Amino acid sequence: MKLDLAVIGRGAVSPAGVGIDALLHREPTPVEVDAPGEPGRPWPVLRVDLNDPAFARWQREPRLRRASSMTFFLVEAAEQALAGVSPADRAETGLIVAFSAGCVGYSRRFFEDIVTRGQRSASPALFPETVFNSPVSHIASVLGLNGAAYALVGDETAWVAALRTASVWLRRGRVARVLVLGAEEFDPLVLDAYRSARWLRRQNPANGFLASEGAAGILVRTAVPEDAQIIATARDGLIYRTKKEASAAAERLLAECDPALPCYRSARRNWLGALEEKTTENRTVVPLGNQPYLGEAFTASAAWHTLRALACLDHQLPRILLPVWGLNHQLGLFELETPKTQSDP
Amino acid sequence: MSRNVVITGMGAVTPLGEDFPDSWNALIAGRDAASPLALFDTAGCRCHHAASAALPPLSDFSAKATRRLARASRLAIPAAREALASAGLLDAGGRSTLRDLTFSVATTAGGMTFGETFLRGVLARDRAHLLSQVSRYLPQQQILDVQQALGFAGHSVIIANACASGANAIGHAADLISTGAADCVLAGGFEALTELVFVGFDCLQATSTDRCRPFDLNRSGLLLGEAAAFLVLESGEHAQRRGAAPICQLTGYGHTTDFFHLTQPGPDGAALIEVMRAAATQAGIAPAQIGYLNAHGTATPANDGVEAKAHLAFFGDAIGSTRISSTKAAIGHTLGAAGAVEALFAIEALRTGRLPPQLNLETPIPEIAPALVGGKESSRGMEHVMSVNLGFGGSNAALVFSRDSSP
Numbered sequence: 001m002k003l004d005l006a007v008i009g010r011g012a013v014s015p016a017g018v019g020i021d022a023l024l025h026r027e028p029t030p031v032e033v034d035a036p037g038e039p040g041r042p043w044p045v046l047r048v049d050l051n052d053p054a055f056a057r058w059q060r061e062p063r064l065r066r067a068s069s070m071t072f073f074l075v076e077a078a079e080q081a082l083a084g085v086s087p088a089d090r091a092e093t094g095l096i097v098a099f100s101a102g103c104v105g106y107s108r109r110f111f112e113d114i115v116t117r118g119q120r121s122a123s124p125a126l127f128p129e130t131v132f133n134s135p136v137s138h139i140a141s142v143l144g145l146n147g148a149a150y151a152l153v154g155d156e157t158a159w160v161a162a163l164r165t166a167s168v169w170l171r172r173g174r175v176a177r178v179l180v181l182g183a184e185e186f187d188p189l190v191l192d193a194y195r196s197a198r199w200l201r202r203q204n205p206a207n208g209f210l211a212s213e214g215a216a217g218i219l220v221r222t223a224v225p226e227d228a229q230i231i232a233t234a235r236d237g238l239i240y241r242t243k244k245e246a247s248a249a250a251e252r253l254l255a256e257c258d259p260a261l262p263c264y265r266s267a268r269r270n271w272l273g274a275l276e277e278k279t280t281e282n283r284t285v286v287p288l289g290n291q292p293y294l295g296e297a298f299t300a301s302a303a304w305h306t307l308r309a310l311a312c313l314d315h316q317l318p319r320i321l322l323p324v325w326g327l328n329h330q331l332g333l334f335e336l337e338t339p340k341t342q343s344d345p
Numbered sequence: 001m002s003r004n005v006v007i008t009g010m011g012a013v014t015p016l017g018e019d020f021p022d023s024w025n026a027l028i029a030g031r032d033a034a035s036p037l038a039l040f041d042t043a044g045c046r047c048h049h050a051a052s053a054a055l056p057p058l059s060d061f062s063a064k065a066t067r068r069l070a071r072a073s074r075l076a077i078p079a080a081r082e083a084l085a086s087a088g089l090l091d092a093g094g095r096s097t098l099r100d101l102t103f104s105v106a107t108t109a110g111g112m113t114f115g116e117t118f119l120r121g122v123l124a125r126d127r128a129h130l131l132s133q134v135s136r137y138l139p140q141q142q143i144l145d146v147q148q149a150l151g152f153a154g155h156s157v158i159i160a161n162a163c164a165s166g167a168n169a170i171g172h173a174a175d176l177i178s179t180g181a182a183d184c185v186l187a188g189g190f191e192a193l194t195e196l197v198f199v200g201f202d203c204l205q206a207t208s209t210d211r212c213r214p215f216d217l218n219r220s221g222l223l224l225g226e227a228a229a230f231l232v233l234e235s236g237e238h239a240q241r242r243g244a245a246p247i248c249q250l251t252g253y254g255h256t257t258d259f260f261h262l263t264q265p266g267p268d269g270a271a272l273i274e275v276m277r278a279a280a281t282q283a284g285i286a287p288a289q290i291g292y293l294n295a296h297g298t299a300t301p302a303n304d305g306v307e308a309k310a311h312l313a314f315f316g317d318a319i320g321s322t323r324i325s326s327t328k329a330a331i332g333h334t335l336g337a338a339g340a341v342e343a344l345f346a347i348e349a350l351r352t353g354r355l356p357p358q359l360n361l362e363t364p365i366p367e368i369a370p371a372l373v374g375g376k377e378s379s380r381g382m383e384h385v386m387s388v389n390l391g392f393g394g395s396n397a398a399l400v401f402s403r404d405s406s407p
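These protein sequence lines are chains A and B, in that order.
Per our numbering, the very first residue in the first sequence carries number 1; after that it's consecutive.
Per our numbering, the very first residue in the second sequence carries number 1; after that it's consecutive.
Just chain A, with the same shape it has in the complex (with noise of 0.2 Å):
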């Protein structure tokens, strides 16, 4: 599908830091923490550090006295990326936030307490933070957008949805621009998780990948020739339950593209960067310089490899693919591009 995405704001927070120029150059201190299934063998985990004086007007904040870690990511990288909107265009600015396990933390930690202190305990403060598009209400209130907003919720990939659904909200006329989100947040219990899928390994750690969080954020509106940075065309929709029809998916999908475009690499210590490896083997690789690794968070993670990319494009690498690998449910792919009159001298 043809996006025509022009990219006129982002923001960023990942355990890197918060903002654009950590994502791209700092590397990020991983931490131990215990899974709750398996006491004692903590695992390396990579966190945004809450402390970090950006956040503090986020926490002064009434509405979001409450509010999950996620939120706090979220209205942080969302603020950055609306940097110079007035307050009367956030009202014509649609709100689309893409989620893989939303907000874990509450959910873990309301159901614990039905668990192990029965359903008289259970907390009528937690359970409103567990649905989904709760971040996504807080955000729009804090930051006054009030018109169409959605909580979108997939694999990786919900950020591909999430950036179609942006394009067709403005060829529909509903906004003057979107701002699109992905985030994740961590919690113990995700470790058992990982663990379970076998995407964390003890032997062989390069094969797994290390647990993280944050979010990002970009603020999109219909392309116009001055434009700088673009989202032209987004796939998705190959879907896969099999290492053996995600091969397949990944063969199809990368056929469908110019075989002279370079590719940037996003999957890494997963299954699929092998994948990715093998079904990209003839192409240019975007190179990514000395771009650190900031772990797995799902929507998160395609928000800031779609920034990362976004950096790379010049005028010697004026069209790039991104490839969304999806951990469980399909695979996408967007073509990045900068117009030549831009970089042209």
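Each hint should be verified, as a subset may be incorrect.
In silico DSS-like cross-links for lysine-lysine, where the CA-CA straight-line distance does not exceed 30 Å [to be verified]:
hint	chain 1	residue 1	chain 2	residue 2
1	A	K244	B	K64
2	A	K278	A	K243
3	A	K243	B	K64
4	B	K309	B	K376
5	A	K2	A	K278
6	A	K244	A	K2
These are calculated hints, taken from the structure and not from any lab test.
This one's a predicted model, so the numbers in the text were calculated from it and none came from an experiment.
Given the structure of chain A, go ahead and fit chain B onto it with the hints provided.
Just chain B, lined up with the frame of chain A:
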């Protein structure tokens, strides 16, 4: 670019029936599906009843394959299959004739029961079956279950805007078609009863320990339910090309966000009024032209009072000639499926002229009392119907369906 959007197929599994015709007939007959909840223990809750659905048999699944499915998938697969069949899009083997079919879906909890079992296992240090639990609880797994059961792939989007999600999924499908991003979309929602969600509403004291009485002055809370419902939407040209007869058109969709509170609508109902106006404006109609409104009507004290005010403000003097009911008294609040099931009921009212009665009504809220549907009412000749939903987080959505006027 804007193309007309028609509905050509519908399917549902609800607490009132294993398919849409059974559900509709029971609804019109005035049945309600509230019963003691047996899916999980509710000993510590205030409320002990809900509207649970009987799961239709899946004849093409082995017993083992059926056991691996989330309850949500057991609801969603037959509902989606019925929608495709009624649109003439199933082959003799029960597979979609469109291999590339866009899927716009709503849910709030996905396969949460698997997530609950996973957490219990972790807390008990019981590592058996953790992988199968965790790998199947996320909503995309139920999407994949439906896609694989019915033999189609393609772009999918899962909208989780709480209780407005179902209406959003349908409205989004219409946006995809009208902008040319898709020709045909299977759209709807599903939700299975889960302990986490049930206890959540119970601890908020949002569930009723009495009967669910939408728009009654003595209402005391909602009845939780479960369901799945899907529509086939396509462009008029696409339907015409394959000789499919439209049931109706989707002519209006509005959605907006209410800032007031995470779990309560603003007291003036402004966001709901705005969203109804937006949908009516897109449909090119005045409020008085809406023959029937399927209201959100949860029967919670906070929702129904605000909603009644909003309906009065929207319809104005036409409130007396408009017919309104909330079908949640019959099937319960089905959360992510609500907007989809209720859209189907509104469409069937448009198609048949029969109106779902407002059940359990004794002392109606005066503002909209004249509009609430009584028993065995019908209204032939309606041209337009509306369905509205509100959700946690301030999600508001409205859909307008109109009699098909294409040549």
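Hints and how they fare:
| no. | hint | in the structure |
| --- | --- | --- |
| 1 | A:K244 to B:K64 | 22 Å, holds |
| 2 | A:K278 to A:K243 | 13 Å, holds |
| 3 | A:K243 to B:K64 | 21 Å, holds |
| 4 | B:K309 to B:K376 | 26 Å, holds |
| 5 | A:K2 to A:K278 | 27 Å, holds |
| 6 | A:K244 to A:K2 | 29 Å, holds |
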